[in-house]
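Engineer: All chains, full assembly: derive it from the sequences and hints.
In order, the protein sequences belong to chains A and B.
For the first sequence, position 209 (counting from the first letter as 1) is numbered 209 according to UniProt numbering, and the numbering increases by one without interruption.
For the second sequence, position 346 (counting from the first letter as 1) is numbered 346 according to UniProt numbering, and the numbering increases by one without interruption.
Honestly, I wouldn't trust all of these hints.
Stated by the list, open to error - Keeping only pairs whose Cα atoms sit at most 20 Å apart, straight-line, the calculated DMTMM-like set for lysine to aspartate or glutamate is:
1. A:K328 / B:E252
2. B:K231 / B:E361
3. B:K292 / A:E252
4. A:K377 / A:E181
5. A:K273 / B:D259
6. B:K328 / A:E252
7. B:K328 / B:E361
8. B:K244 / B:E109
9. B:K295 / A:E252
10. B:K292 / A:D259
11. B:K377 / B:E181
12. A:K69 / A:D47
13. B:K128 / B:D66
14. A:K295 / B:D259
15. B:K128 / B:E2
16. B:K295 / A:D259
17. A:K231 / A:E297
18. A:K128 / A:D47
19. B:K328 / B:E297
20. A:K217 / B:D259
21. A:K238 / A:E361
22. A:K292 / B:D259
23. B:K273 / A:D259
24. B:K128 / B:E70
25. A:K377 / A:E137
26. A:K89 / A:E191
27. A:K292 / B:E252
28. B:K231 / B:E363
29. A:K295 / B:E252
30. A:K328 / A:E294
31. B:K217 / A:D259
32. B:K69 / B:D48
33. A:K128 / A:E2
Bear in mind the hints are in silico, worked out from the structure with no lab data behind them.
2 protein chains.
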Amino acid sequence: MEVRVRAPGKIILAGEHAVVHGSTAVAASVGLYTYVSLRFPTPSDNDDSLNLQLKDMALEFSWPVDRIKEALPEFGSSLSPTPTSCSIKSMKSIAALVEEQNIPEAKVELAAGVSAFLWLYSCIQGFKPVTVVVNSELPLGSGLGSSAAFCVALSAALLAFSDSVSLDMSQQGWSVFGESELELVNKWAFEGEKIIHGKPSGLDNTVSTYGNIIKFKSGALTRLKSNMTLKMLITNTKVGRNTKALVAGVSERTLRHPDAMSLVFNAVDSISKELSAIIQSPAPDDLSITEKEEKMEELMEMNQGLLQCMGVSHASIETVLRTTLKYKLASKLTGAGGGGCVLTLLPTLLSETVVNKVIAELESCGFQCLTAAIGGKGVEVCFGGSS
Amino acid sequence: MEVRVRAPGKIILAGEHAVVHGSTAVAASVGLYTYVSLRFPTPSDNDDSLNLQLKDMALEFSWPVDRIKEALPEFGSSLSPTPTSCSIKSMKSIAALVEEQNIPEAKVELAAGVSAFLWLYSCIQGFKPVTVVVNSELPLGSGLGSSAAFCVALSAALLAFSDSVSLDMSQQGWSVFGESELELVNKWAFEGEKIIHGKPSGLDNTVSTYGNIIKFKSGALTRLKSNMTLKMLITNTKVGRNTKALVAGVSERTLRHPDAMSLVFNAVDSISKELSAIIQSPAPDDLSITEKEEKMEELMEMNQGLLQCMGVSHASIETVLRTTLKYKLASKLTGAGGGGCVLTLLPTLLSETVVNKVIAELESCGFQCLTAAIGGKGVEVCFGGSS
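Structural biologist: What follows is the structure, encoded as structure tokens:
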């Protein structure tokens, strides 16, 4: 018995940083996935363990199911039908289970991910022996929501075989969850994100769960109905960032220049709203797809300027901007800035030759380039064989 | 009898483009000069011509004084004590005089400069034979106010020997003009600028005449009393720009995104005001020079971001930004953008070694680098030998 789930990453189209200061932001799912497959052993397998394989890191962890039962006696008999937060007591027991696996101390995030895995597994599946295989197209820690995609895919895969969810297992290929199932997946994923990040905004798991494009302001999320397909080049500068320090830097600059910065945040709010309006405007309306793309490019360029005004750019981001500008393509950083990823809109009519040229030039600078559609479906499930 | 005059160029410290939309801007003189020397022939020289030597272009023009008298009969007998605009009739006669000198048709700006020269000479000096030598440290047409510096230096040199101005010719070295003389120089230079540019703002000639730092908003100029010496690296990208097209581009973007752009212009206004306040704050106050420089750097970075938001950056500007960012130096474009010049603040405590490294790296990209103090004196005069 096997289930395979995929959950997309996210990008921020407009409004990062300014959203912390009350502006509207717009996020979208990106067609790069984290895959989680779940396989229950048959009695003849004679396997009584919980196995976690992280393919991208070539890592494998294994616990005898009885060991988990012993460490977390509060679970197993009564599964949690509604998502709950991990108590400090459970967290300590989980930490002990993680420690037994000899994860290098430097890999704090990996340990946090494994902890989230153990929590979601215990809550949703109890202590059934199972093998979980994870692989991902999302670069880790680069602001594309890789941890949320992991939590969403994992929650969905675990829920697929739980009593909380009823799915049509006879369907072929990837299929979406129902509205109530999605809500459950999203809530569980959020609990996982809390274990990994402490105080996540909930945006990443929501985008990964529901897909499409989401507007958010002051903690409230609104799902937009997008009427256009957008293709983006995502350039991972591979420059590590300290998100907390970048957010604090913007706040400090705001204290030093309150008038100018408040105007900048309001300008971002206006840009996010314009962007949302374009995305939602009816498909065949007075604006052609090219006109819409040009408007979006202009708004991206404007937002990038405002992000530079906030002081969150970086030499590596400037290099990407300068390179794509040569090809008359609009780019902006996405997420925290200070490195991380840069978005470049690839217009529908842009030739593949130009795209390849830009990618070659960016890769020659040592960057990693990915192309993906944005605003596509959220988490999807596939039963049976591989897909 | 000889007089030598030097007039500085200008840079815009903050507010370019936004000033067109009502924001405050701040300009400063830059310690790069256009030199004009005037030598009257002695009777034994037997020279009855007006000679203009443009040293930087290795060009020389010469007219018999009688030829000018014939072409411009309205001048000579009564010199104009107050600056007046060139009439269409005079402009036509001057055009004929310029045409006789076989200036290549492509050099429209050169012809305009020579026209301004003939106008100022005829108005201020009548038809005395004289040799005028011009050389300049300012790159032409790169937004550093080279034409205004030419008009200011020329007007000042011509006025130095006129009845309108009384100067102490016994002074050694460079000396400044009196307040009323400066006013006259500035007005004449503005008339010259009108011949070259059509509708100049008057900012460039005012900065070149008075020096120091000037705040301007909605056409009104305020001279600031600066209390700090600032050193700038000026990088000439050598990318030619179309100022009119850039200004029009910002206006078009403003029509497309009125809300966002109006907030951006207001943010620039706030930045210009903050900058003016720092510049004017008393010398030994609670802020050390380093703290002031850091504040200015932050404001320059913010202004640059807002200029990028307006869409007036350019790949060459990005290259300069990226390069100086590596050395933790703040830069912004100055003037119209789309190429042209980029300013980089050189903090007082920055080592010469680092400055040389940055310059070497920028020059290896094909850019021209100049370093200069900003906010220094305006037009100055020197009698007798060279200085």
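Engineer: Look at each hint and say if it fits the structure.
Structural biologist: Hint check results:
Pair hint A:K328 plus B:E252 holds up; C-alpha atoms about 18 Å apart against a cutoff of 20 Å. Only pairs whose Cα atoms come within 20 Å are accepted, and B:K231 paired with B:E361 is accepted, the gap being roughly 19 Å. For the hint linking B:K292 to A:E252, the alpha-carbon distance of about 17 Å falls within 20 Å, and the restraint holds. Taking the CA atoms of A:K377 and A:E181, the gap is about 15 Å. The hint holds against a cut of 20 Å.
Distance check on the hinted pair: A:K273 and B:D259 sit about 11 Å apart at the alpha-carbon level, within 20 Å; holds. The hinted pair formed by B:K328 and A:E252 meets the criterion: a straight-line CA distance of about 18 Å does not exceed 20 Å. The straight-line distance between the Cα atoms of B:K328 and B:E361 is roughly 14 Å, inside the 20 Å bound, and the hint therefore holds. Our distance criterion of 20 Å between C-alpha atoms is met by B:K244 and B:E109, whose separation comes to about 15 Å.
Distance hint between B:K295 and A:E252 is fulfilled; the C-alpha atoms sit about 13 Å from each other, no more than 20 Å. Distance restraint check for B:K292 and A:D259: the Cα-Cα separation of roughly 19 Å lies within the 20 Å cut-off, and the hinted pair is therefore satisfied. Among the hinted pairs, B:K377 with B:E181 is consistent with the structure: their alpha-carbon atoms are about 15 Å apart, no more than 20 Å. Under the criterion of a C-alpha separation no larger than 20 Å, the hint pairing A:K69 with A:D47 is consistent with the structure, at around 16 Å.
Restraint check for B:K128 and B:D66: satisfied, since their Cα atoms lie roughly 10 Å apart, inside the 20 Å limit. Restraint check for A:K295 and B:D259: satisfied, since their Cα atoms lie roughly 15 Å apart, inside the 20 Å limit. For the proposed pair B:K128 and B:E2, the alpha carbon gap of about 14 Å is at most 20 Å, so the pair holds. For a cut-off of 20 Å, the pair hint linking B:K295 to A:D259 stands: about 15 Å separates their Cα positions.
Proposed proximity of A:K231 and A:E297 is supported: the alpha carbons are some 12 Å apart, at most 20 Å. Among the hinted pairs, A:K128 with A:D47 is consistent with the structure: their alpha-carbon atoms are about 10 Å apart, no more than 20 Å. This hinted pair checks out: B:K328 and B:E297 have alpha carbons roughly 10 Å apart, not beyond 20 Å. For a cut-off of 20 Å, the pair hint linking A:K217 to B:D259 stands: about 18 Å separates their Cα positions.
Under the criterion of a C-alpha separation no larger than 20 Å, the hint pairing A:K238 with A:E361 is consistent with the structure, at around 16 Å. Straight-line distance between C-alpha atoms of A:K292 and B:D259 comes to about 19 Å, which keeps the hinted pair within the 20 Å bound. Simply put, B:K273 and A:D259 have alpha-carbon atoms about 11 Å apart, close enough for the 20 Å limit, and the pair holds. Taking the CA atoms of B:K128 and B:E70, the gap is about 14 Å. The hint holds against a cut of 20 Å.
Taken as a hint, the A:K377 and A:E137 pair is honoured in the structure, with Cα atoms around 16 Å apart against an allowance of 20 Å. Proximity of A:K89 to A:E191 is assessed by CA-CA distance (about 16 Å); at most 20 Å being required, the pair is judged to hold. Taking the CA atoms of A:K292 and B:E252, the gap is near 17 Å; set against the 20 Å cutoff, the hint holds. For the given pair, B:K231 sits about 19 Å from B:E363 by alpha-carbon distance, which is consistent with the 20 Å threshold.
Among the hinted pairs, A:K295 with B:E252 is consistent with the structure: their alpha-carbon atoms are about 13 Å apart, no more than 20 Å. Pair hint A:K328 plus A:E294 holds up; C-alpha atoms about 11 Å apart against a cutoff of 20 Å. Taking the CA atoms of B:K217 and A:D259, the gap is near 18 Å; set against the 20 Å cutoff, the hint holds. Taking the CA atoms of B:K69 and B:D48, the gap is near 12 Å; set against the 20 Å cutoff, the hint holds.
The hinted pair formed by A:K128 and A:E2 meets the criterion: a straight-line CA distance of about 14 Å does not exceed 20 Å.
In the structure shown, no violation is registered for any of the earlier numbered hints.
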